[in-house]
Structure formats: structure tokens, C-alpha cells
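**Student:** Below are the chains, spelled out letter by letter.
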Amino acid sequence: MSNISQEISQEKSETVLSPSKSIKLRISRSNPEAGTEEKFDEFVIPVEKYTTVLDAILNVKSHLDHSVAVRYSCRQASCGSCGMKINGKPKLACFTKVSELDTDTITVEPMDNFPIVRDLAVNFTRMFNNHKKVMPYVVRDDSEITPGTGVKEILQTPEDVDKYIQFSSCIKCGLCNSACPTMAMDTSFVGPQALAQAYRYIADTRDKGKNNRLKIIDESHGIWRCHFAGSCSQVCPKGVDPAMGIQLLRSYLLGLRD
Amino acid sequence: MEKENKAKEGIKGWINPTKYGKFGIERFAWILMRITGLGLLAYFIGHIYETSHILDGKAVWNASLELTQTTEGHIFLALVIGMCVFHTGNGIRLMLGQMGYGLGKPGRPDYPYKPQSLNMKGKACIYATIGLAALAMWYGMAVMFG
Ligand code: HEM
Ligand code: SF4
Ligand code: FES
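Protein chains in written order, with the numbering used here: chain V, 247 to 504; chain L, 2 to 147.
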């Protein structure tokens, strides 16, 4: 048993792991449907060593102001619901510890480039539509669920899997789209989230939808709007590296690989 | 709802200086590429206009050449040199990246997930290009003021 797990096993339930301190949490409040302008509400709340920003917001909801609107579900960086701007940078609230921000004042705002529903909750319709547009599924006629084709299982080597597995980690949190400078100006841009998914399926050896997908993204608000500013990859919490996927997609379209 | 679905950050997303600390040197290179591209375009148009004075006779031509023979003119030309060098160097980096070179290979990244496409090679390229542009400006100034 390692030292750390020994230490943990010896801890008694009343052991104080981290003395709590207080921080100021500034929450952006707005309700576009009711026509209210954005304002910031400030709350002083106790935090401990492992308090996440989402915990802090939920603390406000439980004890100080239950009307704060925030979307969350898994609390473990898996569902992609809790993306927001934390001190100006798009992050997952459940995956960001207060302690790592190294400041006593934390400002949370809704993600840029998404319509605001209320407070911290944004509308994902546009991103999901773009996601669907690139056919985010393996395209082929024969499969184990198509009767009569005789296909049981389509095998892949570990090397085949390496080609796309990183891009399949996407949790559709939208942080990349909110960081993208092209998204900031062009509301029709298909966006790094959908482009990375186009690459994910094209790079999959089981897939036969490459030509269709390339046609879909090769349009005026498609892949060529990317300027490789890299902000999508900078903020992605799952290591997807959309910027890499997009440039690799380009090399297909430029005829540099097939 | 339709209008709302058009939500975007707008020009703030480009000019807000706090972005550049948060999104890394690649984002800074992106805005610099844009500014230098537009600057060079403006210079290009001005340059065609200036050289078109050759049709208006020797006196007008010489007078227009004098425009840049001032301290402000020298500083302006030094800026053009810097813009040229950065735009060209960074343009070559971008073209290589956008053709799929130097991005690393897709794999199985582990936390804390350093994006491979924003690797040290690319960052070094950006710093080197900025350094080269500064060097070229310094040399240009030395020649013009020397
Ligand atoms: C050898 C010289 C040059 C190279 C290698 C080069 C390369 C590039 C590249 C790769 C881009 C696209 C950047 C992106 O994807 O964001 C670009 C953009 C641009 N370039 Fe150049 N360029 C050169 C010279 C020039 C000159 C002489 C001008 C002006 C007359 C110019 C004006 C522009 C403009 C206006 C843009 C658009 C900027 C943007 O969209 O952000 N470039 N250049
Ligand atoms: S690519 Fe990354 S940042 Fe973009 S939606 Fe997927 S997980 Fe979120
Ligand atoms: S709550 Fe699911 S990703 Fe944060």
C-alpha cells in the first residue's frame, strides 16, 4: 500500500483535512427573455481545499440564493453540462477547484458565443445542430444490425483505435466553441466541436462516410474559416485537441492524404 | 429566439486584451497575423498610389519619395519591415500546420492533457518569428537613421 493510501486509511472522520476559508463568488445574472440586463451578484462563501467552482455555486443555491440558474449533472467532467467562464476563461465548473484559481474572488459568467437562457445556463441548440450535421456516427451499409449482410463484428487493431480515440472523448461541453475567435464573429461557422467530430469518424477505419462528411464541411462557413488560433485546444477539458483534428481534416481536403 | 440563436461575442472576442494572456501565444500570433495582414494590405494600396505618381512627372515623383525621408517616415517603414517579416514567417508556420505538418500524432492523451497541436515547436516558431521581425526592424532603423 502506498504512503498516501495509508495516510487516508488512518484518517478519522473528524479529522479536519483542510481548514475552510472564505472567498467572494461573483455570479453573472441575466434573463434575456424577461429583458433584464446582465448584473453581478456577490456572495461570500466558505471553501475547502477540494471545493470545486460548481460546489461553490451550489452552496450559493442551497443557502443564499436559490434562484441562480446553472446547468450541471454528473459533477465529474463527463456530461458536458457545466461549461462557463471562470475568471474569464472557459472551463468546466465541476472540474475546476477553487484552490487552483489562486484568488479570493471568483467571477463566473455564461460561455461566450452561446445564447443565454438565464444566468449561467446557455442554449446548446446551434452547437448540437452543427454536431448532427457532420454525421457523428459510423456510416456503412453492412453491419451486425443489418440483416443478411453476414457481418458479425468489425475488427480494429489498437493502432486503428489510436487514430480516433482521442477525438471520441468529446463531451459536447462547448468550451471550444466559446473560446474560438471565428465563432465570436461568424454565427454560421460550423465550429471546432463539430469539426473535431467530423475528424473522429473519418479517421475511424470502420467508417465509409468520409466523402459525404468532407463535402459537408467544405463550404463557405465550414472548415476554411478556421485560422488555427488554437484556443479550442487550449480550453478543451478532455484532451480532444480539436485544432489538431481540424488541420488533419484539411490535409484530406487538400489531397495530402487519403 | 432566432435573434438569440445568433449569439456571439463579437469584436470583443478579438480585441479584449485579457484573452491573450489566457489563450496562449498561438492566439496572440493569430491577432498579430490579422493586424499585419491588414497593415500590409493598406501599405500595398498606399504603395501603388505612391508609385503611380511616376505618371505625374519628375517633381511630383520626387516629392512623394521625400514623404518617407523623415523620422516618422523611417519609423513607418520600419513597421512595414516588421509586419512583412512576421506575416511571412508566421504565414509559413500556419501553412505547414494547416497542411497537417508538425501537429503531433493523435493518441491517448492523459490528464492534464497538453494539446499536441500547440506544441513547443510551434511556440518556438512564433517567438523566433517575432524575434526575427524585431531584428529586421532594428537593422532597417540602423540603415535608415545611420
Ligand atoms: C510571402 C508572403 C506572405 C505569406 C507567406 C502570407 C501568408 C498568409 C497566410 C497563411 C494567411 C492566412 C492566415 C490565417 O489562416 O489566419 C495570410 C493572411 C492574410 N495576408 Fe498574407 N502572406 C504573405 C504576404 C502578404 C501581403 C504582401 C499582404 C498584403 C498585401 C498580405 C495580406 C494578408 C491579409 C489581409 C490576410 C488576412 C488576415 C486574416 O484573415 O487574419 N499577406 N497570409
Ligand atoms: S472538443 Fe473538448 S471543448 Fe469542445 S465540446 Fe468536445 S470536450 Fe468540450
Ligand atoms: S457537471 Fe457534468 S461536466 Fe460538469
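Hints are computed from structural coordinates only; laboratory data are not their basis.
Do not rely on the hints blindly, as some may be mistaken.
Derived Cβ-Cβ restraints for the label pairs, each shown as a range [to be verified]:
hint, chain 1, residue 1, chain 2, residue 2, range
1, V, Ser266, L, Gly103, 43 to 53 Å
2, V, Ser268, L, Leu136, 42 to 52 Å
3, L, Ile16, V, Arg272, 19 to 29 Å
4, L, Ile76, V, Asn375, 30 to 40 Å
5, L, Met145, V, Lys267, 55 to 65 Å
6, V, Glu284, L, Glu67, 47 to 57 Å
7, L, Gly103, V, Asp311, 48 to 58 Å
8, L, Leu136, V, Ser389, 29 to 39 Å
In the DSSO-like style, the derived pairs of lysine-lysine whose C-alpha atoms are separated by at most 27 Å in a straight line are [to be verified]:
hint, chain 1, residue 1, chain 2, residue 2
9, V, Lys295, L, Lys23
10, L, Lys124, V, Lys335
11, V, Lys270, L, Lys23
12, V, Lys456, L, Lys106
13, L, Lys9, V, Lys378
14, V, Lys378, V, Lys461
15, L, Lys106, V, Lys461
16, L, Lys106, V, Lys418
17, L, Lys106, V, Lys409
18, L, Lys106, V, Lys454
19, V, Lys409, L, Lys115
20, V, Lys285, L, Lys13
21, L, Lys13, V, Lys335
22, L, Lys9, V, Lys335
23, V, Lys285, L, Lys9
24, V, Lys343, L, Lys115
25, L, Lys23, V, Lys418
26, V, Lys335, L, Lys122
27, L, Lys23, L, Lys122
28, L, Lys106, V, Lys378
29, L, Lys115, V, Lys418
30, V, Lys335, L, Lys59
31, V, Lys461, L, Lys9
A few chain L residues that don't get close to chain V, going by computed Cβ distances all over 10 Å [what the hints assert, rightly or not]:
hint, residue
32, Gly40
33, Ala43
34, Ser53
35, Ala60
36, Ser65
37, Gly101
38, Leu104
39, Asp111
40, Gln117
Using N, Cα and C, we set each Cβ at its ideal position, and we do this for glycine too.
**Student:** Does each hint hold? Answer for all of them.
**Tutor:** Cross-check of the supplied hints:
A hinted range of 43 to 53 Å holds for the C-beta pair Ser266/V and Gly103/L, which are about 47 Å apart. Checked against the hint of 42 to 52 Å, the C-beta distance between Ser268/V and Leu136/L comes to roughly 51 Å, which is consistent with it. Hint check: Ile16/L to Arg272/V, Cβ distance near 23 Å, so the stated range 19 to 29 Å holds. At about 50 Å, the CB distance of Ile76/L to Asn375/V disagrees with the hint of 30 to 40 Å.
Between Met145/L and Lys267/V the beta carbon distance is about 58 Å. The supplied range of 55 to 65 Å therefore holds. Between Glu284/V and Glu67/L the Cβ separation comes to about 53 Å, which falls inside the hinted range of 47 to 57 Å. Between Gly103/L and Asp311/V, the C-beta spacing of about 49 Å keeps the proposed range 48 to 58 Å intact. Remark: the range hint 29 to 39 Å for Leu136/L to Ser389/V is contradicted by a beta-carbon distance near 59 Å.
Restraint check: the Cα-Cα separation between Lys295/V and Lys23/L comes to about 24 Å, which is no more than 27 Å; the hinted pair holds. Restraint check: the Cα-Cα separation between Lys124/L and Lys335/V comes to about 21 Å, which is no more than 27 Å; the hinted pair holds. For the suggested pair Lys270/V and Lys23/L, the alpha carbons sit about 21 Å apart, so the restraint of at most 27 Å is met. For the given pair, Lys456/V sits about 20 Å from Lys106/L by alpha-carbon distance, which is consistent with the 27 Å threshold.
Between Lys9/L and Lys378/V, the direct Cα distance comes to roughly 21 Å. Compliance with the 27 Å bound is thereby established for this hinted pair. Of the pairs offered as hints, the one joining Lys378/V and Lys461/V holds, with about 14 Å between alpha carbons and a cut-off of 27 Å not exceeded. Only pairs whose Cα atoms come within 27 Å are accepted, and Lys106/L paired with Lys461/V is accepted, the gap being roughly 24 Å. Taken as a hint, the Lys106/L and Lys418/V pair is honoured in the structure, with Cα atoms around 22 Å apart against an allowance of 27 Å.
Taking the CA atoms of Lys106/L and Lys409/V, the gap is near 8 Å; set against the 27 Å cutoff, the hint holds. Distance check on the hinted pair: Lys106/L and Lys454/V sit about 22 Å apart at the alpha-carbon level, within 27 Å; holds. With a C-alpha separation of about 17 Å, the suggested pair Lys409/V and Lys115/L falls inside the 27 Å cut-off, and the hint holds. For a cut-off of 27 Å, the pair hint linking Lys285/V to Lys13/L stands: about 18 Å separates their Cα positions.
Restraint check: the Cα-Cα separation between Lys13/L and Lys335/V comes to about 14 Å, which is no more than 27 Å; the hinted pair holds. Distance check on the hinted pair: Lys9/L and Lys335/V sit about 16 Å apart at the alpha-carbon level, within 27 Å; holds. As the CA atoms of Lys285/V and Lys9/L are separated by approximately 19 Å, the hinted pair is consistent with the 27 Å bound. Of the pairs offered as hints, the one joining Lys343/V and Lys115/L holds, with about 18 Å between alpha carbons and a cut-off of 27 Å not exceeded.
The straight-line distance between the Cα atoms of Lys23/L and Lys418/V is roughly 21 Å, inside the 27 Å bound, and the hint therefore holds. Of the supplied pair hints, the one linking Lys335/V and Lys122/L holds, its CA atoms being roughly 25 Å apart against a limit of 27 Å. Straight-line distance between C-alpha atoms of Lys23/L and Lys122/L comes to about 20 Å, which keeps the hinted pair within the 27 Å bound. Taken as a hint, the Lys106/L and Lys378/V pair is honoured in the structure, with Cα atoms around 26 Å apart against an allowance of 27 Å.
Proposed proximity of Lys115/L and Lys418/V is supported: the alpha carbons are some 19 Å apart, at most 27 Å. Straight-line distance between C-alpha atoms of Lys335/V and Lys59/L comes to about 58 Å, which puts the hinted pair past the 27 Å bound. Proposed proximity of Lys461/V and Lys9/L is supported: the alpha carbons are some 26 Å apart, at most 27 Å. With a cut of 10 Å on Cβ distances, Gly40/L stays outside the contact zone with chain V, its closest approach being about 17 Å.
Annotated as non-interface, Ala43/L keeps its C-beta farther than 10 Å from every C-beta of chain V; the closest such distance is 20 Å. Remark: the non-interface label on Ser53/L is consistent with the geometry, its nearest Cβ contact in chain V lying 33 Å away (cut-off 10 Å). With a cut of 10 Å on Cβ distances, Ala60/L stays outside the contact zone with chain V, its closest approach being about 45 Å. No Cβ of chain V comes within 10 Å of the Cβ of Ser65/L; the nearest lies about 36 Å off, and the non-interface call holds.
Against the 10 Å criterion, Gly101/L falls within the reach of chain V, whose nearest CB is about 3 Å from its own CB. The claim that Leu104/L is not at the interface with chain V is violated, since a C-beta of that chain comes within 10 Å of its own (minimum 5 Å). Not every Cβ of chain V is farther than 10 Å from the Cβ of Asp111/L; the closest lies at roughly 8 Å, contradicting the non-interface assignment. The Cβ of Gln117/L does not lie farther than 10 Å from every Cβ of chain V; its closest approach is about 6 Å, which violates its non-interface assignment.
Hints 4, 8, 30, 37, 38, 39 and 40 from the earlier list are contradicted by this structure; the remaining hints agree with it.
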